[in-house]
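Novice: Given the coordinates of chain A, assemble chains B, C and D onto it according to the supplied hints.
Chains as they are written, first to last, in our numbering: chain A, 3 to 595; chain B, -18 to 248; chain C, 764 to 967; chain D, 2 to 238.
Because the hints were derived from the structure by calculation, they are not lab data.
Predicted, not measured: the structure shown is a model, and the values here were computed from it.
Pairs of lysine-lysine, DSS-like flavour, derived with a Cα cap of 25 Å:
{"#": "1", "chain 1": "B", "residue 1": "132", "chain 2": "D", "residue 2": "42"}
{"#": "2", "chain 1": "D", "residue 1": "180", "chain 2": "D", "residue 2": "227"}
{"#": "3", "chain 1": "D", "residue 1": "136", "chain 2": "B", "residue 2": "132"}
{"#": "4", "chain 1": "D", "residue 1": "234", "chain 2": "B", "residue 2": "132"}
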Amino acid sequence: MQEASAPQAQQGHHGPPEGFIRKYVFSLDHKVIGKQYYGLALVAVFIGMTLSWLMRYHLIYPNGKIFGLELLSKVGAPGGVMTPEYYLSLMTMHGTLMVFFVLTNAPFAAFGNYFLPIQIGAEDMAFPRFNMMSFWVTLVAFLVLVTAFFIPDGPPISGWTAYAPLSAVGTDAGPGLGWGQNLWGLSIAIFCVGSLLGSLNFIATTLDLRAKGMTLMRMPLCTWAWFITACISLLAFAVLLPACLLLVLDRMAGTSFFIPAGLVVSDRLQAHAGGSPLLWQHLFWFFGHPEVYIAILPAMGIVSHILINSIRRPLLSAKVIIYSMMSIGFLSYMVWGHHMFVSGMNPFSSLMFSFPTLTITIPATVMTLIWLGSLYGARIRFTSASLFALGFISMFVSGGVSGFFLAQPSIDIYLHATYFVVGHFHMVMGVAAIFGVFAGTYFWFPKMTGRMMSEGLGKVHFWFTFIGTYCIFMPFHYLGLAGNVRRYSSFVDDFLLPLMPVHRFITIAALITGAAQFIFLYNLIHSRFRGKVAPVNPWEATSLEWTIPSPPPWNNFGDRHPVVYHDPHQYGVKGSLGDYVMQDSPEKIENES
Amino acid sequence: MGKFFAVVLTIIALVSAVPIVMHTWWMPPDISTHGHAIDEQLTDTMAEAGFSFLAAQLLLALFVWKFSERKDSGPIKSLPGGAKGLVIAALILVGTEMLALGVLGQKAWASVYFTPASPNALQVQAQAGQFAFYFRYPGADGKFGALHPDKIDEGNQNYFGLDPANEVEARDDIVSGELAIPANREVLLLIHAKDVGHSFYVPELRIQQDFVPGLDLSVHFTATKVGRYEIVCTQLCGLGHYNMKAYLNVMSQEDFDKWLKQKASEQ
Amino acid sequence: MTTDGKATAAAMNRSSAEEAAKSGIWVGIAAITMTFAAFTSAIIVREGTDTSWHHMTLPGVLYLNTLVLIASSITLELSRRPVAARISRREAAGQEGSRSGLLWLLVTLGLGLMFLAGQYAAWRELASQGLFLATNPSSSFFYVLTAVHGVHLLGGLAALGYLAGKLSMAGARLRRSTAEATSIYWHFMGGLWIYLLLVMRTRL
Amino acid sequence: MKVNQILMSGIAVLAAATMAVAAPGGGTVSGKVTYEGTPAKQKPIDMSKEPSCAKAHATPITTEAVVTGEGNTLENVVVYISAGAPDGATAPAQAVTITQRGCQYVPHLVALQVNQELKVVNEDQTSHNIHPLAKANREWNKSQPPGSPAFTEKFDKEEFIPVKCNIHPWMHSTFAVMKTSHYSVTAGNGGFTLPNLPPGKYTITAWHESYGTQTQDVTITGSETKTISFVFKAKPY
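Here chain A stands alone, though its shape is the one from the complex (with noise of 0.2 Å):
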């Protein structure tokens, strides 16, 4: 097509932005839409961290006062002793945290929106005004569910996955579940709103505003691992909209999608008739497992963007761990049913959801022996971002090795809601998320604040998390074996009894853990106002964000429209001035594929 001339300003995109609101509240500009997740993120991680607090001194002193939770709930906490249904609403609340403003926030919408546009030479997302909406949303929902704490019933009690019918039926299953419930159920789906929104632009954002040269195999993995995070995304919430809409329906017009008929809670026959509770488990978990990996993949692609750059060598093949990130992806659609092994479904479904959860194991031990087979040979960087990328690898081969286990449905008989797979899920989506993160803050901090982390509380921080988190989760596997249910908010059963002194370990090492986090809030305050001014590439790296200044101007490369010339994988290359090539450099590099 012909164009005869550039308008003078574009449609869809926007000009330098006036006045403090435009520039930081209601802001267009993808880079501060990053930070506003990034902060959304920070704010929710040190909620959901106090809360995990909570939790584990109410498990090892469950008659115990706590000082000042009285002013927070006098229902909840009487005395200052937290009830058991308190216990619950924490969890709940942890929980549903944890997985949606952290997990989903932090790895994918803040970093992604933050440098996707960036690593691909853009100046801006696709639909900056919906990239706006979708952060506004996300706080809306976030809003909401916090809400909770401050009503007289306080939050749910129904957990994270919020199973049907107790989620369902009302304030007749206990407290927590009327307004508190009702509060969740619309902050998830206002959530699911954001996130679709936000999907809808990395996928239109990374096919259409590519610079030139930047082909699609010449993305960075971060940008490819936000890419195919954002499809994953993209369909999960996209279902579980609709069954957050169906959920709030049972609960506030009467409607029975959930709850079948002949129910007696507390006392009183409920007037629903003819729902069912699996067609939930079935919805929430077709969208719950693929959420596992949006907060997971995000993750890989940072690591092994930041390890490339600290081992000073390309990957063995960057095009295999971007096949698995793929089939990993599509997999993971095939699997949901693995959640449900012992919830009554058909054993021979069963059978069929084991054989792709095993499948998984290929494309993940892939990715792992591409990582370890590239540190042979490298000359490796320590900084506290390559610290914690290298600590994502190992956490992610503990958390997934126990994954062995809870994908066979006759294993999962027995640690099915055992801490086994609290261990399990928290070590692999946790804790591997998070140090994924950690590696991004730490690398990225320069570029977007103009300022250095300081690398001493850095590397305290790694080696406080590090053990700390393997202290916390490590035994959790142990519980699970000897049988210790989870989601009790005190062990009364006689078998449990022996487990204690774990308990008391895991408990000791979460708030020593918990506390060091504190380093890290210091590091990034004091660092964003006191730190050393960062040059333009600090850590000698190759792709885009790192050809314009720290911190970008607000269109990102100015009145330049970068060219690409490389992938960006061009580490330890013979023959160049220093040891790598960067995208943009028009140098010509020998055998590049």
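Specialist: Here is chains B, C and D on its own, set in the frame of chain A:
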């Protein structure tokens, strides 16, 4: 820094493996006829998972040790075999491993779920409600009375909603807070949820089955060892979830008959 | 390429932005398809577990609505050529385009509103039979599916309105991609409705 | 003399109107509640799920839905004036207490006045939950972990509220919230007394959690004691 990382990682990997190898915290001894298949499957998987875990962590430690802060300015080397070698190795090793686990695992699963209960198995109905289990035996007539949710009256201990006034079958039904069963006889447990989702879990019995409201399921098993074991709920069911339990009382046939007679007199 | 790199790159960026609107709409359609696939499987599962599934007779006005929606797709196609001409003429020389595009667009908009009014009439008809949202599973699904489809259709109407507004304002710039994306979405809404009608007719 | 009498009775009426309890003298209604037929057998409660409570009872306690005494007397029947009593009785300042002891509600039935304070105490080493399934009043559902302080609640409407502990399904109680201050709960001997009734026509109601209500009309003319009795029909199932 690299060497330190390698050492710490090695220690973590080895220390993590100790309680597993020593069975410090382990499954309680199995008391069922089908459990050994699950135990074997778990032990096999533990061997494979343990090997993968140690191999990967120690390899990571080794490479980090060897290639950290290399002083020479020589060119980077590549792993012999490259990516292709690794992918093929992963496909063959992990693929067969997973296939083997999947196929073998079927056997243990099938032993629980694909063989029907024998017709003369002892039928017991288990009902889960917030936050207790109750069990019902059909009594002398061998028939369960029908359930009427509107007749449930816990204050009068009518946990199941029986209607003895109008139905003869219901009058001799025996309701108990503990699950007493004779050893070495197959039990067919009929699973019924009163209110929300619950789960029936006896670690020693290697049985876990959800109670799904509106969906009556069943499991069958044979206990082999006389003793008293805890039945706990493993599906989040509300504020008393942690405290929802009952006892499984495995008795000799004579003791069981006596127990049943005594219970019948209490009804 | 090297001489006027800046201008070419700007033009390239511009055409990519046009592309983005189109990929965006397809991605959106994928998500909406997924949502309705979830609803469909919910109907099937729900029907399978219910021993007393109440079948219902769909209100007759729905078939009329279907015709209206099909007609709206045809009128939208009729507007397509004049609108495209208007866009390219505007881009080429800045002349005023023909009014027929606007006219057909307004007809489409009117038909869309008529469809929604018809859906509302269907609701009223069911309500007069005593069938409400919570009455039985069939009626629950009926209200949910029509409401969710209606909300999505409202989005399409908003886009049509935006197009019509741009067309009626002299000198306003209209992008081809916006027009194309809107028409793709509108046709998709029509197709989706026919699918839903089939599902509701056979299942509810 | 006569003037004095009128003045006295005027004061009495006034006092009765403002504070019914305080009517000194007056008539009394007393009597006994019994049953005929075979009451349902009270089954022993299996508390094995809560060992700390099981230990508290040497022999298993039984349900308390129907508690009987010698001579077919019926315990835990609320006998109260349902019509004829002057309105506007203010709630006594003293709270009534319900204690959770050995996984049982002590007493099994609590009668209290509208807006009178109810104090809930947990003496057990386990968490309890108090869930009054109120319809007219505000429903609430509170847990009380061991070691947490007693709490008080009030009800502002007349209602017989079934109460349950959500953690221990066998624990059931009733809060009988009365508008009148003239009520009595039968003890083991089935006896009740409603003293200090000013002259008038009254409807006396007896309420039992399993057997429902019965009413009788009584007229008090002076300071006499009227004896009435209620007989409930018991069924084995």
